[in-house]
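*Asks:* As a plain string of letters, each chain reads:
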Amino acid sequence: MVMKTFELKSGMATREACGRTLVELGRENPNIVVLDADLSKSTLTHLFAQAFPERFFSCGIAEANMVGVAAGMASSGKIPFCASFSCFLLNKSFEQLRVAVAYPGVNVKVVGTHSGISIGEDGPSQMSVEDVSLACSLAGFTVLAPADEVSTAALVRAAAAHVGPVFIRAGRPKVPVVYTPDQRFEIGKAVEVIPGADLTFVANGLLVAEAVRAALALEKEGISARVLDFHTVKPLDKEAVGRAAAQTGAIVVAEEHLVDGGLGVRVAQAVAEQHPCPMEFVGLQDTYAESGTTEGLLDKYGLIARDLIAAARKVLARKR
Amino acid sequence: MMPKHSLEELEQTAKRVRRAIVQMTGEAKSGHPGGSLSAVEILVTLYFGGVMRHDPANAHWPDRDRFILSKGHGCPALYAVLGEAGYTPKDQLNTLRRLGSIYQGHPDKRFIPALEASTGSLGQGLSIGLGMALAARLDGRPTRVYVVLGDGEIQEGQIWEAAMFGAHHKVDNLVAIVDYNKLQLDGFVKDIMELEPLVPKWLAFGWHAIELDGHNLAALEAAFAEAANTKGQPTVIIAHTIKGKGVSFMENNPKFHGVAPTQDEVAQALKELE
Chain A
1 MVMKTFELKS
11 GMATREACGR
21 TLVELGRENP
31 NIVVLDADLS
41 KSTLTHLFAQ
51 AFPERFFSCG
61 IAEANMVGVA
71 AGMASSGKIP
81 FCASFSCFLL
91 NKSFEQLRVA
101 VAYPGVNVKV
111 VGTHSGISIG
121 EDGPSQMSVE
131 DVSLACSLAG
141 FTVLAPADEV
151 STAALVRAAA
161 AHVGPVFIRA
171 GRPKVPVVYT
181 PDQRFEIGKA
191 VEVIPGADLT
201 FVANGLLVAE
211 AVRAALALEK
221 EGISARVLDF
231 HTVKPLDKEA
241 VGRAAAQTGA
251 IVVAEEHLVD
261 GGLGVRVAQA
271 VAEQHPCPME
281 FVGLQDTYAE
291 SGTTEGLLDK
301 YGLIARDLIA
311 AARKVLARKR
Chain B
1 MMPKHSLEEL
11 EQTAKRVRRA
21 IVQMTGEAKS
31 GHPGGSLSAV
41 EILVTLYFGG
51 VMRHDPANAH
61 WPDRDRFILS
71 KGHGCPALYA
81 VLGEAGYTPK
91 DQLNTLRRLG
101 SIYQGHPDKR
111 FIPALEASTG
121 SLGQGLSIGL
131 GMALAARLDG
141 RPTRVYVVLG
151 DGEIQEGQIW
161 EAAMFGAHHK
171 VDNLVAIVDY
181 NKLQLDGFVK
191 DIMELEPLVP
201 KWLAFGWHAI
211 ELDGHNLAAL
221 EAAFAEAANT
231 KGQPTVIIAH
241 TIKGKGVSFM
251 ENNPKFHGVA
261 PTQDEVAQAL
271 KELE
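So the protein sequences, as listed, match chains A and B. Under this note's numbering, the letters of the first sequence match residues 1 to 320, in that order. Under this note's numbering, the letters of the second sequence match residues 1 to 274, in that order.
In case anyone wonders, no lab produced these hints; they're calculated from the structure. Take the hints with a grain of salt, since some may be wrong.
[Claimed, not checked] Below, simulated EDC-like cross-link-like pairs (lysine to aspartate or glutamate); rule was C-alpha separation at most 16 Å, straight line:
no., chain 1, residue 1, chain 2, residue 2
1, A, Lys189, A, Glu239
2, A, Lys238, A, Glu273
3, B, Lys4, B, Glu221
4, A, Lys92, B, Glu156
5, A, Lys300, A, Glu290
6, B, Lys170, A, Glu54
[To be verified] Chain B stretches covered by chain A per the calculated footprint, using a threshold of three residues with CB under 8 Å from any CB of chain A:
no., stretch
7, 160-172
8, 255-266
Positions of the beta carbon are idealized from the N, C-alpha and C atoms, including for glycine.
Looking at chain A on its own, in the form it has when it is part of the complex (with noise of 0.2 Å):
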């Protein structure tokens, strides 16, 4: 048997790899707008603020209203990013989100930054764990929720592309790399990471690399984990679901959000209608957290390599 390689080199944000990006398709697309909530220092909006000052809108602590305002813009022929906060977002604008954008299907990007809880320090009240269940209940919305650097870079220019609204969850850490410059993504198809025969992690953010990591502390016993990162949450790859359940037979789910109403239940939901099997689900179990360290927190609330391997036993255990 070869024994599977991977490196994890250290890595940037997925908030600055979104920022970054940001300033590139200004360049290359004077449509490209960005409107941000004051918080642009930390969403890293500031540089295509510095680049483009007369395509940056800064609204105020008033994200409704900026909600609407890009609502407007992309009627006009725009292609606004608004972004904020993941849980600002989606939960103080959630009906300018489903009315001004979502139901007359307007051309509007949202980007969730400081999603999950490895923000840390701050807390409860400003972590999004329930960002993507919000805004995958936006019917038409894309949902994407990168692991890393080179994913955010691929994924923040195909929803520029995308017509349509898109919700972009990133996060505040520096995250492990995954991928080599050369991957492509492409909306609404899985990722295999790591291929495998007896079971299946299926994660996306910053559970990919963790995913990764009990994949291959699993090898060393002889178990084969396949890795499939789901950057899009909606619309579902069924078929990389479907052939998962088929072909491994079980599968863990991991996520940093609510277990309720995210990637999980929208997993479990697909593998209902194709193949039924065993499964388990790692994330946030009807609880907020608390303020910590990141990697404090991703202990704490269950969300490392350790978690994923626990699960994996249970649901080996139940394949059998």
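Given the structure of chain A, go ahead and fit chain B onto it with the hints provided.
*Replies:* This is chain B only, laid out in the frame that chain A set:
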């Protein structure tokens, strides 16, 4: 482009629009006749008084002026005006609110592409209009944007977020018109949530404000001209109106916020609007 109509023509158009509002809500047996009737002169002046640059034969002309009925429940008035202008078929107005009708319960641009925004959830139209006005500014277009707000609607916090934003970004190619008919669903505005002092509020938010009788066509024309000449800040027109205007038993009657006239009431109203 739609030519400017005379004041007599506007008065006649306003009367036809009122008749259509009464008939279509009566036929639908639901809808919001009161707040539709209060906004008639505002809409008629915008669409036919030489205020808005628009062309029914070319609804998506990029340099057109844009209109948003933020108080979406007043859509019978807008539908009647769109029908009068030739954007949509007049002979289908009485299909209002029926399954498959383009005349949906609240304005839905999936059904009427000439609509600039789908509204109905109060408080959102001003923000959308500001986005359109800024896009026009970025593109160097002459477009002006007109947003009609309900008085009850401006109790929504998003309106005041938008008010700050419009003044901060000096959006002088947008005009907000408050249809101040003093009534909302649950009763009189002053009893539900007082708006006064209203003009000082908008002034404090950095807007140019004009107060007028919202049923006076000449005053409306003059105010829109004044707004067009106001640079460096957006304009709000506080239009004092009468809910149910033109139908004696509907005027100032909270019942007709969201209740349609009966067959007998339609007949009586049409007699008054002859």
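*Asks:* Against each hint, give a clear statement of whether it holds in the structure.
*Replies:* For each hint, the structure was consulted:
Restraint check for Lys189 of chain A and Glu239 of chain A: satisfied, since their Cα atoms lie roughly 9 Å apart, inside the 16 Å limit. For a cut-off of 16 Å, the pair hint linking Lys238 of chain A to Glu273 of chain A stands: about 9 Å separates their Cα positions. Distance check on the hinted pair: Lys4 of chain B and Glu221 of chain B sit about 11 Å apart at the alpha-carbon level, within 16 Å; holds. As the CA atoms of Lys92 of chain A and Glu156 of chain B are separated by approximately 14 Å, the hinted pair is consistent with the 16 Å bound.
Restraint check for Lys300 of chain A and Glu290 of chain A: the C-alpha separation of about 10 Å stays at or below 16 Å, so the hint holds. The hinted pair formed by Lys170 of chain B and Glu54 of chain A meets the criterion: a straight-line CA distance of about 13 Å does not exceed 16 Å. Only residues whose beta carbon comes within less than 8 Å of a beta carbon in chain A count, and the stretch 160-172 of chain B has 6; three or more means the coverage holds. Judged by the Cβ-Cβ criterion of 8 Å, the stretch 255-266 of chain B is not covered by chain A as claimed, because only 0 of its residues qualify and three are needed.
When the structure is compared with the earlier hints, a violation turns up for hint 8 alone.
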